[in-house]
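Undergrad: Below are the chains, spelled out letter by letter.
There are 2 protein chains.
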Amino acid sequence: MSALDYSNDPKRGPHPLIVRKDAPYNAEPDITDLVKNYITPEEYFFCRNHGPLPDITESKHLIEIQGIGIENPTHISLKDIKENYEKSSVMMVMQCAGNRRDGLHKVKHTKGVIWGPGALGNAVYSGCRLRDVLATVGVTTKIKNLSKLHVAFESVEQCEEDKCYGSSIPLSKALDEFGDVLLAYEMNYSTLTRDHGFPIRVVVPGYIGGRSVKYLKSITIQDYESMSYYQRRDYKILPENVLDEDSANNYWCKVPSIGEYNVQSYVCNPADGMHEAAIANQKVQGYALSGGGRSIQRVDVSGDDGKTWTTAQLYQPAAEGDNCRVWGWCLWTATIPTKRNVRIVSRAVDSSGNVQQEYPVWNYRGVMNNSWRTVDPHTIEMSNI
Amino acid sequence: MSALDYSNDPKRGPHPLIVRKDAPYNAEPDITDLVKNYITPEEYFFCRNHGPLPDITESKHLIEIQGIGIENPTHISLKDIKENYEKSSVMMVMQCAGNRRDGLHKVKHTKGVIWGPGALGNAVYSGCRLRDVLATVGVTTKIKNLSKLHVAFESVEQCEEDKCYGSSIPLSKALDEFGDVLLAYEMNYSTLTRDHGFPIRVVVPGYIGGRSVKYLKSITIQDYESMSYYQRRDYKILPENVLDEDSANNYWCKVPSIGEYNVQSYVCNPADGMHEAAIANQKVQGYALSGGGRSIQRVDVSGDDGKTWTTAQLYQPAAEGDNCRVWGWCLWTATIPTKRNVRIVSRAVDSSGNVQQEYPVWNYRGVMNNSWRTVDPHTIEMSNI
Numbered sequence: 001m002s003a004l005d006y007s008n009d010p011k012r013g014p015h016p017l018i019v020r021k022d023a024p025y026n027a028e029p030d031i032t033d034l035v036k037n038y039i040t041p042e043e044y045f046f047c048r049n050h051g052p053l054p055d056i057t058e059s060k061h062l063i064e065i066q067g068i069g070i071e072n073p074t075h076i077s078l079k080d081i082k083e084n085y086e087k088s089s090v091m092m093v094m095q096c097a098g099n100r101r102d103g104l105h106k107v108k109h110t111k112g113v114i115w116g117p118g119a120l121g122n123a124v125y126s127g128c129r130l131r132d133v134l135a136t137v138g139v140t141t142k143i144k145n146l147s148k149l150h151v152a153f154e155s156v157e158q159c160e161e162d163k164c165y166g167s168s169i170p171l172s173k174a175l176d177e178f179g180d181v182l183l184a185y186e187m188n189y190s191t192l193t194r195d196h197g198f199p200i201r202v203v204v205p206g207y208i209g210g211r212s213v214k215y216l217k218s219i220t221i222q223d224y225e226s227m228s229y230y231q232r233r234d235y236k237i238l239p240e241n242v243l244d245e246d247s248a249n250n251y252w253c254k255v256p257s258i259g260e261y262n263v264q265s266y267v268c269n270p271a272d273g274m275h276e277a278a279i280a281n282q283k284v285q286g287y288a289l290s291g292g293g294r295s296i297q298r299v300d301v302s303g304d305d306g307k308t309w310t311t312a313q314l315y316q317p318a319a320e321g322d323n324c325r326v327w328g329w330c331l332w333t334a335t336i337p338t339k340r341n342v343r344i345v346s347r348a349v350d351s352s353g354n355v356q357q358e359y360p361v362w363n364y365r366g367v368m369n370n371s372w373r374t375v376d377p378h379t380i381e382m383s384n385i
Numbered sequence: 001m002s003a004l005d006y007s008n009d010p011k012r013g014p015h016p017l018i019v020r021k022d023a024p025y026n027a028e029p030d031i032t033d034l035v036k037n038y039i040t041p042e043e044y045f046f047c048r049n050h051g052p053l054p055d056i057t058e059s060k061h062l063i064e065i066q067g068i069g070i071e072n073p074t075h076i077s078l079k080d081i082k083e084n085y086e087k088s089s090v091m092m093v094m095q096c097a098g099n100r101r102d103g104l105h106k107v108k109h110t111k112g113v114i115w116g117p118g119a120l121g122n123a124v125y126s127g128c129r130l131r132d133v134l135a136t137v138g139v140t141t142k143i144k145n146l147s148k149l150h151v152a153f154e155s156v157e158q159c160e161e162d163k164c165y166g167s168s169i170p171l172s173k174a175l176d177e178f179g180d181v182l183l184a185y186e187m188n189y190s191t192l193t194r195d196h197g198f199p200i201r202v203v204v205p206g207y208i209g210g211r212s213v214k215y216l217k218s219i220t221i222q223d224y225e226s227m228s229y230y231q232r233r234d235y236k237i238l239p240e241n242v243l244d245e246d247s248a249n250n251y252w253c254k255v256p257s258i259g260e261y262n263v264q265s266y267v268c269n270p271a272d273g274m275h276e277a278a279i280a281n282q283k284v285q286g287y288a289l290s291g292g293g294r295s296i297q298r299v300d301v302s303g304d305d306g307k308t309w310t311t312a313q314l315y316q317p318a319a320e321g322d323n324c325r326v327w328g329w330c331l332w333t334a335t336i337p338t339k340r341n342v343r344i345v346s347r348a349v350d351s352s353g354n355v356q357q358e359y360p361v362w363n364y365r366g367v368m369n370n371s372w373r374t375v376d377p378h379t380i381e382m383s384n385i
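Residue numbers (the UniProt record's numbering), protein chains in the order written: chain A, 1 to 385; chain B, 1 to 385.
Simulated from the structure, these hints should not be mistaken for lab results.
Don't take each hint at face value.
[Unchecked claim] Here chain A is said to cover these stretches of chain B; the calculated rule only asks that three of the stretch's residues, wherever they fall, bring their Cβ under 8 Å from a Cβ of chain A:
id, region
1, 41-49
2, 170-176
3, 192-201
4, 254-268
[Unchecked claim] Some chain A residues flagged as far from chain B (calculated, every beta-carbon gap over 10 Å):
id, residue
5, Y224
6, E225
7, G321
8, V361
[As the list claims (entries may be wrong)] Dumping the calculated DMTMM-like pairs for lysine to aspartate or glutamate here, alpha-carbon to alpha-carbon at most 20 Å:
id, chain 1, residue 1, chain 2, residue 2
9, B, K142, A, E86
10, B, K144, A, E177
11, A, K144, A, D176
12, A, K254, B, E177
13, A, K144, B, E71
14, A, K144, B, E320
15, B, K148, A, E177
16, A, K283, B, D80
17, B, K144, A, E86
18, A, K144, B, D176
19, B, K307, A, E240
20, B, K148, A, D132
21, B, K144, A, E358
22, A, K142, B, E240
23, A, K148, B, D176
24, B, K144, A, E320
25, A, K11, A, D22
26, B, K142, A, D22
27, A, K142, B, D132
28, A, K144, B, E240
29, A, K108, A, E320
30, B, K142, A, E320
31, B, K254, A, E358
32, A, K144, B, E177
33, A, K148, B, E320
34, A, K142, B, E86
35, A, K60, B, E161
36, B, K148, A, D223
37, A, K307, B, E240
38, A, K148, B, E177
39, B, K142, A, D176
40, A, K142, B, E320
The beta carbon of each residue, even a glycine, is placed where N, CA and C say it ideally should be.
With the rest of the complex left out, here is chain A (with noise of 0.2 Å):
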């Protein structure tokens, strides 16, 4: 693979973002910033880049459909989506995968970038709906096995694992009439910028954010996955004996590429939720969220290493509005009493009655790590920490 130019990238001044990696460009907030809005402003916004971010002139730029069911492949420009089809939003969590990735970090080398607790972020995304541009090429739910297609999407980013960043979510997901996957061109009611995706995007919705496709120039229906290495050799949750890339490719093709995210929360602010002295009233803040449109019913926080637990007061106005399924984040706050050198440490339940598990399980890729204990990096052992 020749080696990738960044010299385009965005001129990045100073910001508020924690740098992870500089060429491709990750970057996640301070998380006392991340809590400090519902929907999360742009500044405070992870951004997430598998090579050098294309800098696409809107006017020229068309996006090929074609694939199984349609008859006359096409191209689609900007300015049809736009005039042509209703205009639509969505407020919704952006999470990745490796999000939280640090804590199986430190119970195991994972590969990846490390990650901290910021790599998520909750917008209004809006532009038309998948499911509008697929009707008018002839693909609607009446498609012949539906539950074996899917949606393959390409997009212009060239990357450093594969000629470009590609994925693809099941065809059911785009066509469900309350999946809400929209082909957006504004966040948060502006044009996307380039670190989001200009001139447009995919947004899948309870999916993790390697779904939502940027830059996007190809939508494929297909009868297999994307084969894409995203999709394929990356964002799986691989078993625990799997230790190297070795092992890996022997169970790429064993293993579900991941859809939905899971349950999961973070307390934020105490930033790292700690003490020298023990406070009677502690006000913490933080994050829940659960995927495929799953609200979160209840989060628990605890000041003393899980031994008593109290109720947060939720913040979750995504789950009042006129989608059925629920897509945007919970914030929450707690006032609880604290130890000293004891981590406060939260624990969502989701509308299904999922629970965060106490302990990480690890995965090599480490991915979706929801576990409400993390690591003292000190002692390698599991704690509170």
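Given chain A, put chain B in place with the hints provided.
TA: Structure of chain B alone, referenced to chain A:
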């Protein structure tokens, strides 16, 4: 409430179910029987009743349909349902929210029938789609304020706690093209028996059994959940601090009712997962499932108290079917070394990356227990026994 008369309940000869309560009749199979078949035969299918079994004459039975969006309330007969609507089948798990309540009851007193791990089964139900019936009275996804509407069901069943059994689901679940909600008149290709709701019942795939109302007598579209005891004061995950009926009274209205169930698995063979001697190659069998159409991606099995885990072989034909969601369960087998007097445990991961938590999170109604550890009743401490 007047005393209920159980004299017309079916006479029950010797049969393989373990009776948890006589009147109303509540019984579950031995778990080694339960995993003998992928499709659970009726003889091994748990029975959950809230009162005397109705004895309905099919030819005289009508279902009332009324409420928001229905200009002309109507009654529909079984003949109409069978002759004028397309017959559809769904293979799905029916699981009581109280399955494995015994595990929580050992932690602290819970309210309800003390079910073991056999209050579930995997069946093929056949009938007409609820959405087809609703379409004929003018209720479709075009209805105003869909996200705020519910379908309430009432049963002919007279109950201990309310005038009749009743429950509701979000209207969007009923209308969801991929939701597979049926008005079923067959189970495993035979006419429903009285135990399972003859002549007609609702089946709501991916939801707790309590929403699949038997002996259906009315369907109402309304802008609030069912007012029934079973929706409002039962089948909710109360916080851990709610210890009794009095404190529960302050919480019922604050806690959401359960819809989808959570990720679950259990070791069924050997039955108690215990041995008096260590065995090098113990064959272990069990079940795994998750709610909301999520499949099982992995089951880990441990014979050494969770120190090491072996990946089980999964048998999950439901995931290969024509449905876009997975409603059937997963049976699994593993061969592992076991230790003397150490209980074998299993831990499932569903397609959304949710994992069973290690320790039970107790709740007063003893619902949705999916921990992989249980409590040793002799020591009343958490343990792997």
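Undergrad: Now look at each hint and say whether the structure bears it out.
TA: Verification of the supplied hints:
no.: 1; hint: 41-49; in the structure: violated (count 0)
no.: 2; hint: 170-176; in the structure: holds (count 3)
no.: 3; hint: 192-201; in the structure: violated (count 0)
no.: 4; hint: 254-268; in the structure: holds (count 8)
no.: 5; hint: Y224; in the structure: holds, 15 Å
no.: 6; hint: E225; in the structure: holds, 14 Å
no.: 7; hint: G321; in the structure: violated, 7 Å
no.: 8; hint: V361; in the structure: violated, 6 Å
no.: 9; hint: B:K142 <-> A:E86; in the structure: holds, 16 Å
no.: 10; hint: B:K144 <-> A:E177; in the structure: holds, 15 Å
no.: 11; hint: A:K144 <-> A:D176; in the structure: holds, 15 Å
no.: 12; hint: A:K254 <-> B:E177; in the structure: violated, 30 Å
no.: 13; hint: A:K144 <-> B:E71; in the structure: violated, 35 Å
no.: 14; hint: A:K144 <-> B:E320; in the structure: holds, 15 Å
no.: 15; hint: B:K148 <-> A:E177; in the structure: holds, 16 Å
no.: 16; hint: A:K283 <-> B:D80; in the structure: violated, 60 Å
no.: 17; hint: B:K144 <-> A:E86; in the structure: holds, 18 Å
no.: 18; hint: A:K144 <-> B:D176; in the structure: holds, 18 Å
no.: 19; hint: B:K307 <-> A:E240; in the structure: holds, 12 Å
no.: 20; hint: B:K148 <-> A:D132; in the structure: violated, 24 Å
no.: 21; hint: B:K144 <-> A:E358; in the structure: violated, 42 Å
no.: 22; hint: A:K142 <-> B:E240; in the structure: violated, 47 Å
no.: 23; hint: A:K148 <-> B:D176; in the structure: holds, 19 Å
no.: 24; hint: B:K144 <-> A:E320; in the structure: holds, 15 Å
no.: 25; hint: A:K11 <-> A:D22; in the structure: holds, 12 Å
no.: 26; hint: B:K142 <-> A:D22; in the structure: violated, 48 Å
no.: 27; hint: A:K142 <-> B:D132; in the structure: holds, 16 Å
no.: 28; hint: A:K144 <-> B:E240; in the structure: violated, 48 Å
no.: 29; hint: A:K108 <-> A:E320; in the structure: violated, 41 Å
no.: 30; hint: B:K142 <-> A:E320; in the structure: holds, 19 Å
no.: 31; hint: B:K254 <-> A:E358; in the structure: violated, 26 Å
no.: 32; hint: A:K144 <-> B:E177; in the structure: holds, 15 Å
no.: 33; hint: A:K148 <-> B:E320; in the structure: holds, 9 Å
no.: 34; hint: A:K142 <-> B:E86; in the structure: holds, 16 Å
no.: 35; hint: A:K60 <-> B:E161; in the structure: violated, 67 Å
no.: 36; hint: B:K148 <-> A:D223; in the structure: violated, 36 Å
no.: 37; hint: A:K307 <-> B:E240; in the structure: holds, 12 Å
no.: 38; hint: A:K148 <-> B:E177; in the structure: holds, 16 Å
no.: 39; hint: B:K142 <-> A:D176; in the structure: holds, 14 Å
no.: 40; hint: A:K142 <-> B:E320; in the structure: holds, 19 Å
Checked against the numbered hints above, the structure violates hints 1, 3, 7, 8, 12, 13, 16, 20, 21, 22, 26, 28, 29, 31, 35 and 36; every other hint is satisfied.
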